[in-house]
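> Make a model of the complete structure from these sequences and hints.
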Amino acid sequence: MRYRRLAALCLGAWLWTQPAAAGSFELVLGPEQIGSGGSAPIFIPPVDPFQWAATWVTDGGFETMLSLCPGLVVGQRFKSGGLFVSLGGGLIIDANGSGGGVYSTLGYESGGGSKGWHFIAEYTQGLGYKHGGYLAPSATRFGVIWEY
Amino acid sequence: MRYWIHKVSWIILLACGGASRALALDLSLGLAAVDNMSDQAEPAATARLGWDGFYAQFYYWGRDYGPVSERNGLLSLAGETSVGGFKLLVAHYGLDLLDHQVNLYGNHPSRSGTNPPTAVHENDPNIGGILGVALHLNAGPLLCTLSWDSHIFFTGSGFIVFLASARKQSVSLLLGVDL
Numbered sequence: 001m002r003y004r005r006l007a008a009l010c011l012g013a014w015l016w017t018q019p020a021a022a023g024s025f026e027l028v029l030g031p032e033q034i035g036s037g038g039s040a041p042i043f044i045p046p047v048d049p050f051q052w053a054a055t056w057v058t059d060g061g062f063e064t065m066l067s068l069c070p071g072l073v074v075g076q077r078f079k080s081g082g083l084f085v086s087l088g089g090g091l092i093i094d095a096n097g098s099g100g101g102v103y104s105t106l107g108y109e110s111g112g113g114s115k116g117w118h119f120i121a122e123y124t125q126g127l128g129y130k131h132g133g134y135l136a137p138s139a140t141r142f143g144v145i146w147e148y
Numbered sequence: 149m150r151y152w153i154h155k156v157s158w159i160i161l162l163a164c165g166g167a168s169r170a171l172a173l174d175l176s177l178g179l180a181a182v183d184n185m186s187d188q189a190e191p192a193a194t195a196r197l198g199w200d201g202f203y204a205q206f207y208y209w210g211r212d213y214g215p216v217s218e219r220n221g222l223l224s225l226a227g228e229t230s231v232g233g234f235k236l237l238v239a240h241y242g243l244d245l246l247d248h249q250v251n252l253y254g255n256h257p258s259r260s261g262t263n264p265p266t267a268v269h270e271n272d273p274n275i276g277g278i279l280g281v282a283l284h285l286n287a288g289p290l291l292c293t294l295s296w297d298s299h300i301f302f303t304g305s306g307f308i309v310f311l312a313s314a315r316k317q318s319v320s321l322l323l324g325v326d327l
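So the protein sequences, as listed, match chains A and B. Positions 1 to 148 (this note's numbering) are the ones given, in order, by the first sequence. Positions 149 to 327 (this note's numbering) are the ones given, in order, by the second sequence.
A couple of the hints might just be wrong.
Restraint ranges, calculated between C-beta atoms of paired labels, are given here [said to hold, decoys possible]:
no.: 1; chain 1: A; residue 1: 148; chain 2: B; residue 2: 233; range: 39 to 47 Å
no.: 2; chain 1: B; residue 1: 210; chain 2: A; residue 2: 59; range: 45 to 53 Å
no.: 3; chain 1: A; residue 1: 119; chain 2: B; residue 2: 214; range: 46 to 54 Å
no.: 4; chain 1: A; residue 1: 27; chain 2: B; residue 2: 233; range: 37 to 45 Å
no.: 5; chain 1: A; residue 1: 144; chain 2: B; residue 2: 326; range: 41 to 49 Å
no.: 6; chain 1: B; residue 1: 233; chain 2: A; residue 2: 119; range: 25 to 33 Å
no.: 7; chain 1: A; residue 1: 116; chain 2: B; residue 2: 216; range: 18 to 26 Å
no.: 8; chain 1: A; residue 1: 146; chain 2: B; residue 2: 200; range: 33 to 41 Å
no.: 9; chain 1: B; residue 1: 283; chain 2: A; residue 2: 44; range: 34 to 42 Å
no.: 10; chain 1: B; residue 1: 213; chain 2: A; residue 2: 58; range: 47 to 55 Å
no.: 11; chain 1: A; residue 1: 60; chain 2: B; residue 2: 172; range: 30 to 38 Å
Computed footprint of chain B on chain A, listed as stretches where at least three residues anywhere in the stretch have a Cβ under 8 Å from a Cβ of chain B [said to hold, decoys possible]:
no.: 12; region: 31–39
no.: 13; region: 87–96
no.: 14; region: 125–138
Simulated from the structure, these hints should not be mistaken for laboratory data. No residue lacks a Cβ here, since even glycine has one placed at the ideal position from N, Cα and C.
Structure, rendered in structure tokens:
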């Protein structure tokens, strides 16, 4: 319990010290593939937590993705107009386990990075290692991004 | 197998025959690990022909288990664009053509015993798209490419209504030369 409070305190301190710079926040939804033999269809209503992902991107392109597919990862986003490519690593999560690994995302954002709300489409793939095998989740997602 | 050799050789001949001296061609051969959405990779042979920001790459893999013989041929036709200004790091996007063949008792009738059942030959072509990233290393005319790609295919009405898709992920290592 003491360590959870310490971790929460450290996270809060880190967030508090971040400068109020420009960046973006995206929320996307789409069918995932988590190593169980096929791509799951999109749920209606969208209650499957594996199909959601939230990503925070700083003005410098550093991104943090919170998702169950491919996992909890951080990386760098490279933009060219409306197209972007992200590369990074972190904790890769799959139906067969979890472990450290890398990820890549290729996507398109309408508005070309201008301020405001825009449509976003992306494909994310992960490659991770676990004892006795590897993990290869992926997802095709669509959603909205808020550039501030 | 002969079908795929015929198709790939025509593509290579057309690419070489139509190429002017100004085109930069490169040819690479290598190995790939192809995953079928089950976190289990199969080894594949792969060959790549690249020219001026585009490339054609062919994968071939298969296995025999009991009376069943499975063969896969995958042809990717894609463009490359550099990522973040790094010349060595590129992103891929393009078209995939897949042919999946299953033969039951067809190749080894002796396995079936004294009264062989009727052989079954199934051929399943499909079309899809490729998205991925690659790292190109050059040492003079020699090339080394490490490529991580997802080959995404349609699943009929399931794709249109529910966005369900089939994916083959390949991680390939190729060695080649600039022609």
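> For each hint given before, does the structure comply? Return the numbers of the non-compliant ones in rising order.
Going through the list in order, the structure violates hints 1, 4 and 7 and respects the others.
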